[in-house]
Amino acid sequence: MRRNGPFANAFIIAFALFMIAPIAVVVGVAFTPTGHLEFPPSGISLRWFRAILDNPDFIEAAVNSLQIGVLSATLATILAVPAALAITRGHFPGREAMLAFLMSPLMVPTVVLGIAFLRFLTMVGLTGSFMGLVLCHVIIVLPYGLRLVLASLTGLDRSVEKAAIALGASNWTVFRRIVFPSIVPGIVGGWVLAFITSFDEVTVTVFIVNPSTTTLPVRLFNHIAQTTDPLVASVSAIAVLFTVGVMLVVDRLYGLDRLLLEEGKNDS
Amino acid sequence: MSAPSPAKNWLLSAPALALYAAFLLTPLIMTFVLSFHQFDFYKGIDDTYSLTNYMLVLSDSYYYEIFGRTFAIALVTTAICVVIGVPLSYFLSRMRPGPRSVMILVVLGPLLISVVVRTLGWAILLGRRGVINAALMDIGLITRPIKMMYTSGGIVLALVHVMVPFMVLAVWASLQRQDPATETAAESLGAHPFTIFRRIVVPQAMPGVLSGSLIVFSLSASAFATPAILGGRRVKVIPTVVHDEFMNTLNWPLGAAIAMLLMVSILVIMISWNRMVETRFGKAHA
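Sequence lines, in order, name chains A and B. Residues in the first sequence are numbered from 20 upward in steps of one, following my numbering. Residues in the second sequence are numbered from 959 upward in steps of one, following my numbering.
Treat the hints with care, as some may be off.
To be clear about the criterion: a stretch of chain A counts as covered by chain B if any three or more of its residues have a C-beta under 8 Å from a C-beta of chain B, and this derived list gives those stretches [to be verified]:
id: 1; segment: 113-126
id: 2; segment: 138-147
A short, non-exhaustive set of chain A residues, derived as facing chain B with CB atoms under 8 Å [said to hold, decoys possible]:
id: 3; residue: A35
id: 4; residue: M38
id: 5; residue: V44
id: 6; residue: S61
id: 7; residue: I63
id: 8; residue: L65
id: 9; residue: F68
id: 10; residue: A102
id: 11; residue: G109
id: 12; residue: A135
id: 13; residue: I158
id: 14; residue: L161
id: 15; residue: D219
id: 16; residue: P236
id: 17; residue: D276
Quick list of the computed label-pair ranges, beta carbon to beta carbon [stated by the list, open to error]:
id: 18; chain 1: B; residue 1: W968; chain 2: A; residue 2: P25; range: 58 to 64 Å
id: 19; chain 1: B; residue 1: P1057; chain 2: A; residue 2: R277; range: 45 to 51 Å
id: 20; chain 1: A; residue 1: R271; chain 2: B; residue 2: L1094; range: 39 to 45 Å
id: 21; chain 1: B; residue 1: W968; chain 2: A; residue 2: Q86; range: 41 to 47 Å
id: 22; chain 1: A; residue 1: S64; chain 2: B; residue 2: I1229; range: 51 to 57 Å
id: 23; chain 1: B; residue 1: W968; chain 2: A; residue 2: S231; range: 37 to 43 Å
id: 24; chain 1: B; residue 1: G1098; chain 2: A; residue 2: R277; range: 45 to 51 Å
id: 25; chain 1: A; residue 1: D176; chain 2: B; residue 2: Q1134; range: 20 to 26 Å
id: 26; chain 1: B; residue 1: P1138; chain 2: A; residue 2: N74; range: 53 to 59 Å
id: 27; chain 1: B; residue 1: K1105; chain 2: A; residue 2: I97; range: 47 to 53 Å
Everything labelled a hint here was simulated from the structure, so no lab data went into it. Quick caveat, the model's predicted, so the values are computed rather than measured. Heads up, the beta-carbon is just placed ideally off N, CA and C, and yes, glycines get one too.
Please model the complete structure; the sequences and the hints are all you need to start from.
Right, here's the structure in full:
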């Protein structure tokens, strides 16, 4: 196959700049010594990173986001693994419908999910509660976890399992000793994707938090809606750094290309 | 593991299904019901049922403008994503594995960074004294700053940045199914690279373009954070209007009705798009 010509290469470079520019600008602006958003910064200063320490509400929001992310991703994974086993192994009427139902949160516009959760939590008296927030996030992130577990289960070689059953192993032993170890990468990948989705979520969350349970993206969003000072840039820069760190870990554990190619499939 | 019995299948999925029933199905039904209630500033939400909210939205030109703008933004965003996404996926497929991995990271990595952070970047770039205006004035192309913040154009630009990865993924998937021999054949017969792109690559990318368009369109029409930050109070779209009704005006029933209309419009557009695609391309891809 022919390689790309000069036009194609120029197109690729221009596109890469377009994708990187807004993120690079946020990180660059965070180092400004002045009081407004300027790029390129006129000097290099950690003033606005120190300012985060004087705004404990951002730190509190970040801690909330981490807790909600870890809890909702873990719960979603615990629910997704047995459901994925039923969907890949079972031949039963309603299997397709079950899969479609479990993936359906991806099909509902996020703003509709947001108001639906708000209405529901208000009716049952859980408005703004931490537990309500976590359970709503489980709904949002479960499809992502489920998809990666499903992908790893479908790719599995069944002959080892058949051998184990022939040798008298129980279903539980086969799952514990053979199936589970071979789908661990999918489970870990799904967990990370679920965690990041929860950690970044804003449209649904903006409806269902209260000031004490607010998450980092919502806190940033509310701050930007009122004023844009370099503080939001320095907080964002740390969030970007954190995401890059997670990406590096994922690359070692699961393979970043694989995870990204799964994440983007928003249509199944 | 032996295949679980039918009852066991439902048992394995029961926890997830129960959570969905309580936290997804119930809230959606409640919201649908809510959209038929009335809101009174003093008495709050009453329990009567009527189509008043829907009649109000459907008879007010203000809402027509908002719906029109929302779908226009989504449509233009989708078109630009196709124009960028198809050649990009094609060029990606012809890159060496090493640089290609880097490029996949550049295209898809931003998906893992919060939309709020990415939109903040666009706000810094597009502002009156933002990076783009400053650069254009420095090189003397313009004398006065161009207005890009609080315009539909600015929202489209930032939405393209958020949505184009989904288009690239969809097109990339269909290009990988294509037989590279057809390209080689065209080339050996003396076809110009652009002719190859137009006559061979684009037709084979069509299934990906069509499914990618559906994703990009529906996500753009329901995007909230980007239009809220870049559009401010001046350029409203349906999701930001719904947010206002719920968080500021507190007219939840009206907000619910607008949200239901958004969901139904997206659904209708997606289904008719699918129909159209099936009648036109059905035979080719059956």
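Hint by hint, work out which the structure violates, then give me just those numbers in ascending order. Of the numbered hints, 6, 7, 8, 9, 19 and 21 do not hold.
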